[in-house]
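**Q** As a plain string of letters, each chain reads:
There are 2 protein chains.
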Amino acid sequence: MESRLINDLKKIVGEQNILTSKEDLLCYAYDATPGFSHMPEAVVSPADTDEVSRVLILANNEKIPVYPRGSGTNLSAGTVPTKGGIVLLMTRFNKIIEVDDANLVAIAEPGVIVAELNKAVEEFGLIYPPDPGTVTTATLGGTVSENAGGLRGLKYGVSKHYVMGLEVVLADGSILKTGGKNVKDVAGYDLTKLFTGAEGTLGVITRIIVKLVPAPEAKKSMMAIFSNLDNAGKAIAAIIASKVIPATLEILDNATIRTVEDYAKVGLPIEAEAVLLIEVDGIPEVVEKEAAKVTEVLKANHADKIQVAQDAAERDKIWAARRAALPALAKLRPTTFTEDATVPRSKVPDMIRAVNQAAAKYNVTIGTFGHAGDGNLHPTIVCDLRDKAEMERVYQAMDEIFTTAIRLGGTLSGEHGIGLGKLKYMEDQFGAVGIRTMRTIKKALDPNCILNPGKLVGEC
Amino acid sequence: MESRLINDLKKIVGEQNILTSKEDLLCYAYDATPGFSHMPEAVVSPADTDEVSRVLILANNEKIPVYPRGSGTNLSAGTVPTKGGIVLLMTRFNKIIEVDDANLVAIAEPGVIVAELNKAVEEFGLIYPPDPGTVTTATLGGTVSENAGGLRGLKYGVSKHYVMGLEVVLADGSILKTGGKNVKDVAGYDLTKLFTGAEGTLGVITRIIVKLVPAPEAKKSMMAIFSNLDNAGKAIAAIIASKVIPATLEILDNATIRTVEDYAKVGLPIEAEAVLLIEVDGIPEVVEKEAAKVTEVLKANHADKIQVAQDAAERDKIWAARRAALPALAKLRPTTFTEDATVPRSKVPDMIRAVNQAAAKYNVTIGTFGHAGDGNLHPTIVCDLRDKAEMERVYQAMDEIFTTAIRLGGTLSGEHGIGLGKLKYMEDQFGAVGIRTMRTIKKALDPNCILNPGKLVGEC
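Heads up: the sequence lines are chains A and B, in that order.
Be aware that the first sequence starts at 1, since it is given in UniProt numbering, and climbs by one per residue.
Be aware that the second sequence starts at 1, since it is given in UniProt numbering, and climbs by one per residue.
It should be emphasised that the hints constitute simulated quantities derived from the structure, not laboratory data.
Errors might be hidden in some of the hints.
One copy or two, it doesn't matter: identical chains are merged, so the pair holds either way.
Claimed, not checked - Pairs of lysine-lysine, DSS-like flavour, derived with a Cα cap of 30 Å: (1) K83 / K317; (2) K424 / K63; (3) K63 / K443; (4) K265 / K10; (5) K293 / K177; (6) K95 / K243; (7) K289 / K22; (8) K299 / K10; (9) K317 / K11.
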């Protein structure tokens, strides 16, 4: 980038809020997605909406790519500055502006860490439900832009279900306000939802109004072990069919069970084909009733062993197995790809079997765990990025996994977004008309394609 | 319209599926919104998506306006063919394609009546929650396009919260498929939400995938009478603050109470400033617990009288008052405008007072009732469309009501849409950037502005 432009950027954000040295830029050349990196030309940290607007006006006039970024925890290469230009670091937008408990909403800036927001609303007896694994690191802006989910998605949904309004700076620097505190608001096109999950390709989010919900008074956790995968699949369907919607309904497949047991010695039987981990929440009477119903359904579907946590320590022990899944798998090999291929919940066993077949066919190691209740699985491929021959097989296995998800009526992403990682499958899911429609919207709102170019809709 | 074009349309849909006589066209010149009507040039009833596509290709080439229409029950003049052209009557799209209880979704065509869909899912113990007053007449496509809500909106939301996927024919005739059966689906821009509530201005919906929820096992209804409006307002806020989210939390103001009592003799005290009608639902234990908590909150906030329905007959009696509100008000004068100005719930008393002031200031009769729990009020103006002097005052009162809603942080529409009725206030709510952004999207997707032209975003 010409030094004239660097100087212009310094004038906008102040000299101390721009990084240009090689070692500094290197830290922003990648995110949490293996296999993607590219050096930016400058990292710019604006203080307020006006500064964001002025940076975008400059970037738009000069056609410089701009990549909005929070903590860089995303898993689809959504924040990698693949065409150089400016990483727009939003971490100075770190204020929780308001917790309005009468209207059950909070207003916060995008750089607020999700766990901090939850801490702030907790004293009002409220929660902000989206809880990705990175909740103590990830920013609200990043999770909203990538539509992050988490363990409670089955009952509580993902980020988009909680975003009520946004302030967004558009590519030309103009400032758009969408939505508000109204529970019912159907005026105009749903721009709030359009910019949520747009992965920074349509605008830069500078303020977020989120819906809060009352914290559940009670929780109850259960673990069920299945020697047969199909029975686990039937149990998942039967729980939902029994009209219980657990907060959490997780599955670990055999490869994950073996790895977790080897890593954490939590007492899982390594021959089991599946472990289900379930938590119901709500008011105490409901929790007891639903836990009893779930236990009954698990029994009826031939669970070999069912364990219901009787206290907090037992609850922690149950969830330790789930928490160990990703670190245990990640420890096996140098590189970890955590995917989020998602299918209608009735197709979960088919999907797990297809993943296992792909692992065998391409001779790669894949453990599958994830949010079985909502069909959002995490086939986790462990490998070595430096081994070209292995990586070729890894990418072939990935192709097969995503193609299968789409064939089963699923989607490329349950909660990680598309970014660059899944771009090549987009047309398989959306068809030519779908991609064209998305690109039409992208081009209409960002005619110079400066905002996170090349991501989500590809080149435009 | 030239007879050449009528002949082309006949070739597409068959001679029996096009209306062109004056008396037939007249039936489609208006909808349920007073004060708006215009004759179309043809009413065309396609049988399938392919016919819709061919009609749109023709209309787009010839730049003929097209107005998708269901049962015409909408309250914002969204289906009035104000520029002539083709009314695209979607009532032949009347098939419920699938009820998939394992995945809690249904797939239906847009011409299906909402009550019919509910009947079909009821046998699976499920409900489709949006329940506008017109539920036995309105089509699924119309309610999805206008984002209809209803009495259960506080707990269950409006149509957009249930639309999981769509098939849409775009202006150029291409067929777009969005979303699917996946509970978690964050791939790509949220086109499903963009077309939901777009009032037919971006495409013609030909298939809808909706989310279903388990039917509540039990319900309990309550009525509370307040001599003081502020206390009623405080009670609304206190119920939510007590972490109870009722399915329904309705208010009737004094003008409505007087009118309902005069009309239906249900025993309401005509001096009361407000009546709250509340229903909690869920599993029986929760319902009992929540009903007790609500009663306690009502007492603490100085309700003069509280009545809890002990059986179905008493429940019906309570809801008779609410059901009578609109017909009772409508009976007063020849013309009824039912508006849906919506505010954050903490502002409900301010809003009711502002409506009363507007009624006094402009000497018009307004009864206000509606969904207090979610801030979605229905100020209902009764008047005589033939009285020009009165109508001038009516429109001034409306201006004041909507301006106040926006000033209170509210929105122009909680569940009726914008159409033509509220177009002139759009810039007040969204600002110049908001309107420009919506028009940019409209123009990008419908460059010839053939789809419901002049509605929602105005001229483009």
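**Q** When the hints from earlier in the document are held up against this structure, which numbers fail?
**A** 1, 4, 5, 7, 8, 9
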